[in-house]
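Number of protein chains: 2
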Amino acid sequence: MVGYVGVENLIRLVRHVGIETVLRELADYIEDDFRRWPEFDKTPRIASHSRDGVIELMPTADNALYGFKYVNGHPRNTREGLQTVTAFGVLSDVNTGYPLLLAEMTLLTALRTAATSAVAARHLARPDSRILAIIGLGAQSEFQATAFHALLGITHLRVCDVDPAATEKFRVNMQNSGLTITLAPTAQQAVQGADIITTVTADKLQATILSDNMIGAGVHINAVGGDCPGKTELQADILKRSRVFVEFPEQTRIEGEIQQMPDDFPVTELWQVITGEAQGRRTAQDITIFDSVGFATEDFSALRYLRDKVRDTDFVTEIDLVVEPDDPRDLFGLLTQP
Amino acid sequence: MVGYVGVENLIRLVRHVGIETVLRELADYIEDDFRRWPEFDKTPRIASHSRDGVIELMPTADNALYGFKYVNGHPRNTREGLQTVTAFGVLSDVNTGYPLLLAEMTLLTALRTAATSAVAARHLARPDSRILAIIGLGAQSEFQATAFHALLGITHLRVCDVDPAATEKFRVNMQNSGLTITLAPTAQQAVQGADIITTVTADKLQATILSDNMIGAGVHINAVGGDCPGKTELQADILKRSRVFVEFPEQTRIEGEIQQMPDDFPVTELWQVITGEAQGRRTAQDITIFDSVGFATEDFSALRYLRDKVRDTDFVTEIDLVVEPDDPRDLFGLLTQP
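Taken in order, these protein sequences are the chains called A and B. Each residue of the first sequence is one higher than the one before, starting from 963 at the first, in my numbering. Each residue of the second sequence is one higher than the one before, starting from 963 at the first, in my numbering.
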């Protein structure tokens, strides 16, 4: 039998453990896996594009576990009350090829994206950072706020969205967070005085969410929303005066903010900063950018965390996804014998 | 909610409908999809190799549905009483990216492989074929026998395996099939007088299951077992005097019998024979070979068939693989609000 964690059990688990604890523990799994980056079998995601969106498969493996995530991106879905992004994933045993765990990953992806942002900022932002600006108050925004509060000690938020309904949803969800929140009418006003800026807008192509004049020295930019070909949030001039950090360069050059730059635009791989092989922030004046697009190892870490967390609990059930005949060569008998 | 057909329900469905009917109906779906081959988004499968095996993802899509199969191949698994191959798959809506159906595919793959073999033979074997030789009596063998009986009117089997236990399992499973069965001590004796030869051995690398002197004029060879790099069953000399038909040349040149041949070895694509764009068998003396490796569209056809077949029945259940919040932008509220 294969373990199964569906939507209901994932929600129960996160409520039981507490979302800040989940984000902290998940961040540790993600950081551990970045630390052993060379052990992973890595490939850019496999995308199937259609008129209204894309469906992607994101596989990776180490020498013990194989994981993949199925994820779609359909910006028009919200008009019909559907999610822009849905996801699920599977973790398998490399030695037998048998699947071990099937899990919903729409919620888990929201958690891992925020945890990854916080891991990167922990290594790249100024240690005295207390004020976070968030531009874009969609589904990912509260996860970002909570992760930066839990992992970096952020105390103040300055936030902005063009849609008042999104802003109100954010305000209600964050009202008991312990964070001081300033609702700003424009992105320009939101970023004033911020130590860290998260851009996480959706459904806009080659937008300029941040322009060069808005970015002062010492800021860390967590660029989350620019994550597919033709979708960017930062003016190219910002990239030129910043140090840019990425997950998997082969994928980021296609999907990230640096798709605006020449192919040889210098970037540093985040895992090398984490292991100490490469330098992160060098001075308090550096502008650092985490050009995040989301990589398969982060989903692998999330599935690995989930598997450990639900073991021997009732947050996991079993489904009969794999046949178990008495004689492995006798599938036919299963289908025909009484 | 996402539809789910696990092992138990697939077994119930096939027993309810009858395996010959399932194979016939499935073959029609497979043939229909071959007929509209240019409509599919096609890519070679994405493989992750490890010491003892491989895990693969096989995606494809038309303009309405997206499907993928997860499948492993671990030859040593049988030593521990496990399946060499396990599989599951998902069918999704291209317009929203939402998954529609999750299904076990270990059994479904066995069915679709046999149905595909029969579809190919229907177009390539001599119409008066009555005698089928099967070399290799593993998990796929009875499916082959049943599909050729149901779809081509095969009446006689000549079969062979080096393992007496496999032979006995085959004999028992086929005893009420209505087929006349001759157990042959060697492959050479099994193929004598056969109109069609299916090779479906496993766990042997670059074996010579069929040598050139064993193959007479007019035979159709259904080469199923040679399906990954380094694994072949036919002596190269047979290929040189035969007309070779394949599913997706880009994949077959890596995985099929023709991996033994130069890159420009001439092959004909099966779908073109089915549409009439290319000629199949030209004379009763031709040796035809279907160099089958299994392609993503066949799994897509199988998932499409299964979805249609279980609709509004109790052979399908629902699982909560996709989150359905009231507000698609409010995932956070689901995890934190009471």
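Note that these hints are calculated values from the structure, not bench results. Be aware that a few hints might be false.
Since the list gives no way to pick one copy over another, a pair counts as held whenever it fits inside one copy or between any two copies.
[Claimed, not checked] Simulated pairs of lysine to any residue, SDA-like, Cα-Cα distance not exceeding 25 Å:
(1) K1271 / V1016
(2) K1004 / I1216
(3) K1004 / I981
(4) K1004 / E1212
(5) K1202 / Q1234
(6) K1271 / G1295
(7) K1271 / P1300
(8) K1202 / P1191
(9) K1271 / Q1299
(10) K1004 / D1014
(11) K1004 / P1191
(12) K1004 / Q1213
(13) K1004 / L975
(14) K1271 / D1282
(15) K1004 / H978
(16) K1271 / L1296
(17) K1202 / T1245
(18) K1271 / D1226
(19) K1004 / G1242
(20) K1004 / V1016
(21) K1271 / V1229
(22) K1004 / D1199
Here is what the structure says about each hint:
no.: 1; hint: K1271 / V1016; result: neither (31 Å within a copy, 27 Å between copies)
no.: 2; hint: K1004 / I1216; result: both (15 Å within a copy, 21 Å between copies)
no.: 3; hint: K1004 / I981; result: neither (29 Å within a copy, 41 Å between copies)
no.: 4; hint: K1004 / E1212; result: both (10 Å within a copy, 22 Å between copies)
no.: 5; hint: K1202 / Q1234; result: within (21 Å within a copy, 52 Å between copies)
no.: 6; hint: K1271 / G1295; result: between (38 Å within a copy, 22 Å between copies)
no.: 7; hint: K1271 / P1300; result: between (40 Å within a copy, 22 Å between copies)
no.: 8; hint: K1202 / P1191; result: within (20 Å within a copy, 46 Å between copies)
no.: 9; hint: K1271 / Q1299; result: between (40 Å within a copy, 21 Å between copies)
no.: 10; hint: K1004 / D1014; result: between (28 Å within a copy, 19 Å between copies)
no.: 11; hint: K1004 / P1191; result: both (20 Å within a copy, 21 Å between copies)
no.: 12; hint: K1004 / Q1213; result: both (10 Å within a copy, 21 Å between copies)
no.: 13; hint: K1004 / L975; result: neither (30 Å within a copy, 39 Å between copies)
no.: 14; hint: K1271 / D1282; result: both (21 Å within a copy, 19 Å between copies)
no.: 15; hint: K1004 / H978; result: neither (34 Å within a copy, 44 Å between copies)
no.: 16; hint: K1271 / L1296; result: between (35 Å within a copy, 20 Å between copies)
no.: 17; hint: K1202 / T1245; result: within (17 Å within a copy, 68 Å between copies)
no.: 18; hint: K1271 / D1226; result: neither (41 Å within a copy, 53 Å between copies)
no.: 19; hint: K1004 / G1242; result: within (23 Å within a copy, 41 Å between copies)
no.: 20; hint: K1004 / V1016; result: both (20 Å within a copy, 15 Å between copies)
no.: 21; hint: K1271 / V1229; result: neither (35 Å within a copy, 52 Å between copies)
no.: 22; hint: K1004 / D1199; result: neither (31 Å within a copy, 39 Å between copies)
Going through the hint list in order, the structure does not satisfy hints 1, 3, 13, 15, 18, 21 and 22.
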